Structure formats: structure tokens, C-alpha cells
Amino acid sequence: MSSLLPKQNPNLDFDEATQKELGKFLESENARMRLQQSIHTFTDLCWDKCINKISNKIDRGEETCLTNCVERFLDTSLFIVKRLEETRKKL
Amino acid sequence: MNFPSGLSSNIPNMESRKQAVMDQVRNELALANAQELINKINEKCFSKCITKPGNKLDSSEQTCVAKCMDRYMEAWNIVSRAYISRVQRESQGESL
Chain U
1 MSSLLPKQNP NLDFDEATQK ELGKFLESEN ARMRLQQSIH TFTDLCWDKC
51 INKISNKIDR GEETCLTNCV ERFLDTSLFI VKRLEETRKK L
Chain V
1 MNFPSGLSSN IPNMESRKQA VMDQVRNELA LANAQELINK INEKCFSKCI
51 TKPGNKLDSS EQTCVAKCMD RYMEAWNIVS RAYISRVQRE SQGESL
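Residue numbers (UniProt numbering), protein chains in the order written: chain U, 1 to 91; chain V, 1 to 96.
There could be a bad hint or two in this list.
What the hints assert, rightly or not - Derived lysine-lysine pairs resembling BS3-like cross-links, with alpha carbons at most 25 Å apart: (1) V:K48 <-> U:K57; (2) U:K57 <-> V:K67; (3) U:K53 <-> V:K18.
What the hints assert, rightly or not - With the Cβ distance kept under 10 Å, some of the chain V side facing chain U (calculated, not the full set): (4) M14; (5) K18; (6) E36; (7) N42; (8) C45; (9) K48; (10) C49; (11) K56; (12) D58; (13) C64; (14) R71; (15) I78; (16) I84; (17) E94.
No wet-lab data here; the hints were simulated from the structure.
Treat the numbers as computed from the prediction; the structure is a model and nothing was measured.
Think of the CB as a built atom: it goes at the ideal place given N, C-alpha and C, for glycine as much as any other residue.
Chain V with its partners taken away, still in its complex shape (with noise of 0.2 Å):
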């Protein structure tokens, strides 16, 4: 891109805090939504695994919330296909 020389002094910096600023923002969405992913997880696993809440939080209960856990993100990714690929179907169609 050519810019006009008399402002090219202030791009670099006007550059680096656009890049700070959508950074900023991507990182902020990207924690906004593992927190709800661990959120849902959190619920599902626990009623899934921890039927009845004993003193402590033993090993089978462990192991079933570790495998619960690669389930739920499983069948997160498998929504999210079917999901997108309607989207796209759907938006395919209009322009038809």
C-alpha cells in the first residue's frame, strides 16, 4: 500500500496498536468461549458422572469425567459440522 509520505511516519504505530486492539479482542473472545465450554462440560459431566456426591471425588469418578469431558468436545465439533455445513447449504440455496 502507498501511503502519502508526510503521514508515513505515524503508520507503523497506528499498525501495531490496530494489531494490539484485534489481538486484544480475539484473545478476549477466544477465553469468553473456552469459559463457556468448561462451563458446559462442568454441568453435563457432573450429572452425568457424579450420581450420588460421596466424601471425595474417587477414581471412577474421575476417569468417567475425563472420558465425559472428550465426549462433550467430540460431540461439540460434530455440532459445529453439521451446523456449518447447513449454514452454508442454506446460504447456497438463497443465492439460487
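This is chain U alone, in the form it adopts within the complex (with noise of 0.2 Å):
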């Protein structure tokens, strides 16, 4: 994290308490960016899978597709992972 800011430029010389915040700060935007980064990743997923006519709202059934389809794809990752684990358990 402290390579981010680099002692030798002295606009970005910050005490040590200023350091752990903006340490902490970008921490918790990179978690953002990848919560973001999966929302984009299940929309692109999940529309092909439920969109099929654009009309002027997205309906009930469209929109339970929308939510079915993230939980599952969740499941599905839990389950190979799961699956996985069980295989290599046989060795």
C-alpha cells in the first residue's frame, strides 16, 4: 500500500496515522471496485439468460430470472469448490 505513495515526491509525505487511513481508505475502495466488478460480470451473465424482448420495464418474471440467476450462479461456484475439495479428499 505504501508503495502507492512514495516517500521521495513530497507532495504525497504523510505521517504515519494519515498513511494507515488512506491505507485502510484504498483497501475498502478496492473491495468496492470488486463488488462492482462482480455486479458487472452477473448482469452481462444474467441478461443473456433472462432478457429476451426489450419492452418499457423489466417484469416480475424477468426480474425473479435476474435474482434466480446471481443465486444460482453462487451456488454454483460453492458447489464446484465443494466438489473439489471432496475429489481431492479421495486421493
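Mind docking these for me? Both chains are given alone in their own frames, and the hints should help you get the complex.
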């Protein structure tokens, strides 16, 4: 984290407390960015699965489909990890 | 907050520089997020609305793209809500 705030640049010369605060800030922004990136990925994927015709509003069925799509994608991800773990244990 | 008086003259300056760094990071991330959304919308709505590219973007295609944009952002929000509530549910489950 401190590599982002090079000491040799006097404009970025922060005291320790501020460096810590900025480190925390960057961590949380990073987490927020990863969350948003996941949402982009899911929207991309689930749009193709759930939205057939462009209407004036997303209808109930499409909304349910989108929600299920996210849930099942995450379930699939967990399932794969679990299954790989089980396979590994059997070896 | 209380600072040793010797340092206090330096504090406002550092405070404002800190704010500047934070603002810049926030702006850049917001821009990257918007760009990603625009790219996705462009890709998705082009494939939905411009099935046979003609010699211009005609008005029915424009209407379709306009609607598609709104729908994509709506879908983004629905997905966002679903994902965030799942993450919250799962983190609560872990703490039990």
C-alpha cells in the first residue's frame, strides 16, 4: 500500500496515521471495486439468460430470473469448490 | 482530535492533500465503473437492437437502444441488490 505513496515525492509525504488511514481507504475502495466488477459480470451473464425482448419495464418474470440467476451462479461456484475439495480428499 | 501544537501548522495542509488523494481515487474508480457499464450496454444493446446494420442508425433502432439502456441499468440494479443481499446473508451465517 505504501508503494502507492512514494516517500521521494514531497507532495505525498504523509505522517504515519494518515498513511494508515489512506491504506484503509484504498482497501475499502478496492473491495467496493471488486464488488462492482462482480455485479458487471453477473449482469452481463444474466442479461443474456433472462432478457429476451426489450419492453418498457423489466417484468416480474425477468426480475425473478435475474435474482435466481445470481443466486444459482453463486451456488454453482460454491458447489464446484466443494466438489473439488471432496475429490481431493478421496485421493 | 488533538495534535501536538508543534505539528498543527502542518496538519491542514496534509489533511487537504489527503482529501485530494481520496477524491482522485474515488473519481477514477467512478469513471472506470461508468466506462465498464457503457461498454456492456453498447455490446448488449447493439446485439439486441441492430440486427441488420443498415446505412444509418434509424429511428426504430434508436428507440430500441434508448429502451435497452434503461432496461440494462434496471437489470444492473436488480443484480446488485440480489448479490449484496446474498453477501450479507452469507456473512451473517458465518458469524452464527
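### Task
Go through the numbered hints given earlier and state which of them the structure violates, listing their numbers in rising order.
Structure breaks hints 3, 7, 11, 12 and 17.
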